[in-house]
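Can you build the whole structure from these sequences, using the hints too?
If you read the protein sequences in the order shown, they are chains A and B.
All letters in the first sequence, in the order written, are residues 2 to 408 by the working numbering.
All letters in the second sequence, in the order written, are residues 2 to 408 by the working numbering.
Treat the hints as calculated values from the structure; they're not laboratory data.
There could be a bad hint or two in this list.
Note that the list lumps identical chains together, so a pair holds whenever it fits in one copy or between two copies.
As the list claims (entries may be wrong) - Lysine to aspartate or glutamate pairs mimicking EDC-like chemistry, simulated, CA-CA at most 20 Å apart: (1) K28 / D263; (2) K173 / D52; (3) K148 / D164; (4) K316 / E398; (5) K146 / D121; (6) K173 / D121; (7) K385 / E72; (8) K356 / E194; (9) K39 / E163; (10) K88 / E167; (11) K262 / D98; (12) K28 / E99.
2 protein chains.
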Amino acid sequence: MEKTVDTVSSVSISRRGREMQSSPIRKLAAIAEARKKKGIRIYHLNIGQPDLPSPSPVLEAVHSFSKKTIEYAPSNGLPEPLSAWKKYFAHFGIQFDESELIVTTGGSEAITLALCAVCDAGDEVLVFEPSYANYFGFAGIANVKPKAIPTTIENGFHLPSEDVIESYINEKTKAILYCSPSNPSGTIYSRDEIQRLVNVAMKHGLFILSDEAYREFAYESNALSIADFPEVRDRAIVLDSCSKKFNVCGVRIGVLASHNKDVVSTILKFCQARLSVATVEQLAMVPLLEDPDKYSNPIVEEFRKRRDLVCSELKEIPGVVSYKPEGAFYIVVGLPVKDTEHFARWLVEEFEYEKETIFMAPAQGFYVTPGKGTNEVRLAFMLKIEDLKRSMIILREALKAYNTASR
Amino acid sequence: MEKTVDTVSSVSISRRGREMQSSPIRKLAAIAEARKKKGIRIYHLNIGQPDLPSPSPVLEAVHSFSKKTIEYAPSNGLPEPLSAWKKYFAHFGIQFDESELIVTTGGSEAITLALCAVCDAGDEVLVFEPSYANYFGFAGIANVKPKAIPTTIENGFHLPSEDVIESYINEKTKAILYCSPSNPSGTIYSRDEIQRLVNVAMKHGLFILSDEAYREFAYESNALSIADFPEVRDRAIVLDSCSKKFNVCGVRIGVLASHNKDVVSTILKFCQARLSVATVEQLAMVPLLEDPDKYSNPIVEEFRKRRDLVCSELKEIPGVVSYKPEGAFYIVVGLPVKDTEHFARWLVEEFEYEKETIFMAPAQGFYVTPGKGTNEVRLAFMLKIEDLKRSMIILREALKAYNTASR
Numbered sequence: 002m003e004k005t006v007d008t009v010s011s012v013s014i015s016r017r018g019r020e021m022q023s024s025p026i027r028k029l030a031a032i033a034e035a036r037k038k039k040g041i042r043i044y045h046l047n048i049g050q051p052d053l054p055s056p057s058p059v060l061e062a063v064h065s066f067s068k069k070t071i072e073y074a075p076s077n078g079l080p081e082p083l084s085a086w087k088k089y090f091a092h093f094g095i096q097f098d099e100s101e102l103i104v105t106t107g108g109s110e111a112i113t114l115a116l117c118a119v120c121d122a123g124d125e126v127l128v129f130e131p132s133y134a135n136y137f138g139f140a141g142i143a144n145v146k147p148k149a150i151p152t153t154i155e156n157g158f159h160l161p162s163e164d165v166i167e168s169y170i171n172e173k174t175k176a177i178l179y180c181s182p183s184n185p186s187g188t189i190y191s192r193d194e195i196q197r198l199v200n201v202a203m204k205h206g207l208f209i210l211s212d213e214a215y216r217e218f219a220y221e222s223n224a225l226s227i228a229d230f231p232e233v234r235d236r237a238i239v240l241d242s243c244s245k246k247f248n249v250c251g252v253r254i255g256v257l258a259s260h261n262k263d264v265v266s267t268i269l270k271f272c273q274a275r276l277s278v279a280t281v282e283q284l285a286m287v288p289l290l291e292d293p294d295k296y297s298n299p300i301v302e303e304f305r306k307r308r309d310l311v312c313s314e315l316k317e318i319p320g321v322v323s324y325k326p327e328g329a330f331y332i333v334v335g336l337p338v339k340d341t342e343h344f345a346r347w348l349v350e351e352f353e354y355e356k357e358t359i360f361m362a363p364a365q366g367f368y369v370t371p372g373k374g375t376n377e378v379r380l381a382f383m384l385k386i387e388d389l390k391r392s393m394i395i396l397r398e399a400l401k402a403y404n405t406a407s408r
Numbered sequence: 002m003e004k005t006v007d008t009v010s011s012v013s014i015s016r017r018g019r020e021m022q023s024s025p026i027r028k029l030a031a032i033a034e035a036r037k038k039k040g041i042r043i044y045h046l047n048i049g050q051p052d053l054p055s056p057s058p059v060l061e062a063v064h065s066f067s068k069k070t071i072e073y074a075p076s077n078g079l080p081e082p083l084s085a086w087k088k089y090f091a092h093f094g095i096q097f098d099e100s101e102l103i104v105t106t107g108g109s110e111a112i113t114l115a116l117c118a119v120c121d122a123g124d125e126v127l128v129f130e131p132s133y134a135n136y137f138g139f140a141g142i143a144n145v146k147p148k149a150i151p152t153t154i155e156n157g158f159h160l161p162s163e164d165v166i167e168s169y170i171n172e173k174t175k176a177i178l179y180c181s182p183s184n185p186s187g188t189i190y191s192r193d194e195i196q197r198l199v200n201v202a203m204k205h206g207l208f209i210l211s212d213e214a215y216r217e218f219a220y221e222s223n224a225l226s227i228a229d230f231p232e233v234r235d236r237a238i239v240l241d242s243c244s245k246k247f248n249v250c251g252v253r254i255g256v257l258a259s260h261n262k263d264v265v266s267t268i269l270k271f272c273q274a275r276l277s278v279a280t281v282e283q284l285a286m287v288p289l290l291e292d293p294d295k296y297s298n299p300i301v302e303e304f305r306k307r308r309d310l311v312c313s314e315l316k317e318i319p320g321v322v323s324y325k326p327e328g329a330f331y332i333v334v335g336l337p338v339k340d341t342e343h344f345a346r347w348l349v350e351e352f353e354y355e356k357e358t359i360f361m362a363p364a365q366g367f368y369v370t371p372g373k374g375t376n377e378v379r380l381a382f383m384l385k386i387e388d389l390k391r392s393m394i395i396l397r398e399a400l401k402a403y404n405t406a407s408r
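Structural data, given as structure tokens:
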């Protein structure tokens, strides 16, 4: 009965899979692990994983999980976390009803599903480069093209004029995706800057996807939410995450919020397919979301000190171009080297200063446009003050050694 | 400085968003809740949420989570869960190295990412209808077209011949996606049937995506894994989930396994964008995965009893077409009514038998082809034996009343 197979055809990976960039940091990470085994201490300035402990109520909530069956949560989220997110937003003067919120598996899922809800395959979404590198990944999964509008270190990566932004729009453009306070630059957009995005979105029929995961990390004045602009009530999507503000990256709890009922109902349909978000960790976030300042303030204050230190130290290193990031816990820094990928690798693989070196993220990964960011790195402030101080000394010595060697 | 907005353009949802089906069960669920408030007891035969308690080691693992910071896990999974999944598979004679495994947010994420890795927008994937309805959702998100090959209740939804399967293939076809033991039909494909899929995949250069979430629910003989077919080592992707076998639907822990290094590295790139899977719940699954029989056997034995009861009761109801599902905990049943969507709604909204009624899932949602499954429902065995018995009595009475009323 069985047929013999007379020909064998090979299989091949999808184009979106082949075109997806693998994280350049991952390659360096393996080298770094090998180097540590040789007795070299490496200061990690490359990662966004907070080093501070998670607030105790989240751990207590995990330890006291009281259900006998770990059941599916409703696809939009359990009632308690939905109500806690509503309170969280209200605390910042942002009014969302529970029916306008969807709990997601991290901010990552919120962004991916928002892209799928507003874009079809081949559509474009405006981003500002340098940009959170994973936006390119989410866009790749969703078959959407990120169209990059350049910003420059000279003005602290602030936004260009409306005219410049408009010049990147074509008939495929469906949305603007931005992050303020920004990963990777720490930039916070002013009211005037966000108003430009609002005007462009109104004029050209674009959705605005606003990634507000770093809301609390605002050192000069509050960061505005896109929800503060009532004109775009019908086209704004707020994306948020517990990860950074509460030092709980591993819980993977985010949220998506919109006053546009079609957006919410569409994303709910996507969410019904994936069933639900982890029950234990949804519930564990409730105490933090209900009293956000109490738990995020100490975290933010620590990062403010770190930012201040790094900025003042960077200013003293010859040839380094920097600025004062208004928020988040990153800075993109210009270095007096031609190729920061080579420099970052050399640091991890070869350099040492008193048995120590540093690991930085080359900035090319945050740019869509090839050849951009080649003399920039992103630093994350995930080390104690004294370790950051030490890292800046090592950076200064490394630049001296590298530039002497290459001359 | 600010420009005035002279025109306002409206925004619109993506086509993939508009075309996504919303779950038909959700509409009925709201009606059911209202009916319960009127004092009518409703037996839920519609849902796949296990009613049994979760095994105690998973709850103990949650309660004793010992880290101080809930950190990001590695994108492919934490070492302990990866090693536990390896052991889990080895227990069934399936050999995967940790490097061939990726821990996912439920089976849902595993399936979605597998589709993205092997298909581009507009590509097609073969499914057998009736099919797990969420496959259509994952395909929608991934911009992939599910091409449905019919199977029929008359032969218990077993597979057609190779020739028939081949007739659905065109130049867009990239993969076969199947589930055995099957949701929604409970069918387990024999070695000969899976061999047909293997032959077709070899001949036409297709990947095989095998959803093995119900592996343990095999009542007549063991369910085969696609990993038992060495010919397709380069093109088989095993998709699995803890949800059903361990009664832990809410943990959202699944896995993807493949010997094809390009598949694994591509999916890892997607996973790096979404960062990681919930840390607490990854770790909580380890004790169950390391000793699977101990925790799944009691669950499977309970469902065997329920299946046996439902099958013998269904045979006694006039006009009902059924079969004996070899696995899972569902059955698709043919009813002597024209439109099960109307019948199911009538049951929930109007009918009562001694103040009780039943909630069943109309089967149309499990078919891609319009007009198919209109006289079928899916029943899930999520109730205690006595409640299932009672449900079958209500079904018999309901059919009598419905068919009398419509005459």
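Do the hints match the structure? See the list:
Taking identical chains as interchangeable, the C-alpha atoms of K28 and D263 lie at most 20 Å apart only when they sit on different chains, with a minimum of 17 Å there against 42 Å within one chain. Taking CA atoms no more than 20 Å apart as the test, K173 paired with D52 passes in neither setting, with 41 Å inside one copy and 48 Å between copies. For the homomeric pair K148 and D164, the shortest alpha-carbon distance inside one copy (16 Å) is at most 20 Å, but the shortest distance between copies (45 Å) is not. Taking CA atoms no more than 20 Å apart as the test, K316 paired with E398 passes inside one copy only; the shortest distance there is 15 Å, against 83 Å between copies.
Within a single copy, K146 and D121 get their C-alpha atoms as close as 10 Å, and across copies as close as 14 Å, so both meet the 20 Å cut-off. Proximity of K173 and D121 under a CA criterion of 20 Å is satisfied in both settings, with 9 Å inside one chain copy and 18 Å between copies. Taking CA atoms no more than 20 Å apart as the test, K385 paired with E72 passes between copies only; the shortest distance there is 17 Å, against 40 Å inside one copy. For the homomeric pair K356 and E194, neither the shortest alpha-carbon distance inside one copy (45 Å) nor that between copies (62 Å) is at most 20 Å.
Neither within a single protomer nor between protomers do K39 and E163 lie at most 20 Å apart by alpha-carbon distance, with minima of 53 Å and 58 Å respectively. In this assembly of identical chains, the alpha carbons of K88 and E167 never lie at most 20 Å apart, being 36 Å within a copy and 55 Å across copies at closest. For the homomeric pair K262 and D98, the shortest alpha-carbon distance inside one copy (11 Å) is at most 20 Å, but the shortest distance between copies (46 Å) is not. Proximity of K28 and E99 under a CA criterion of 20 Å is satisfied inter-copy only: 19 Å between copies versus 42 Å inside one chain copy.
The structure fails hints 2, 8, 9, 10 (numbered hints given earlier, in ascending order).
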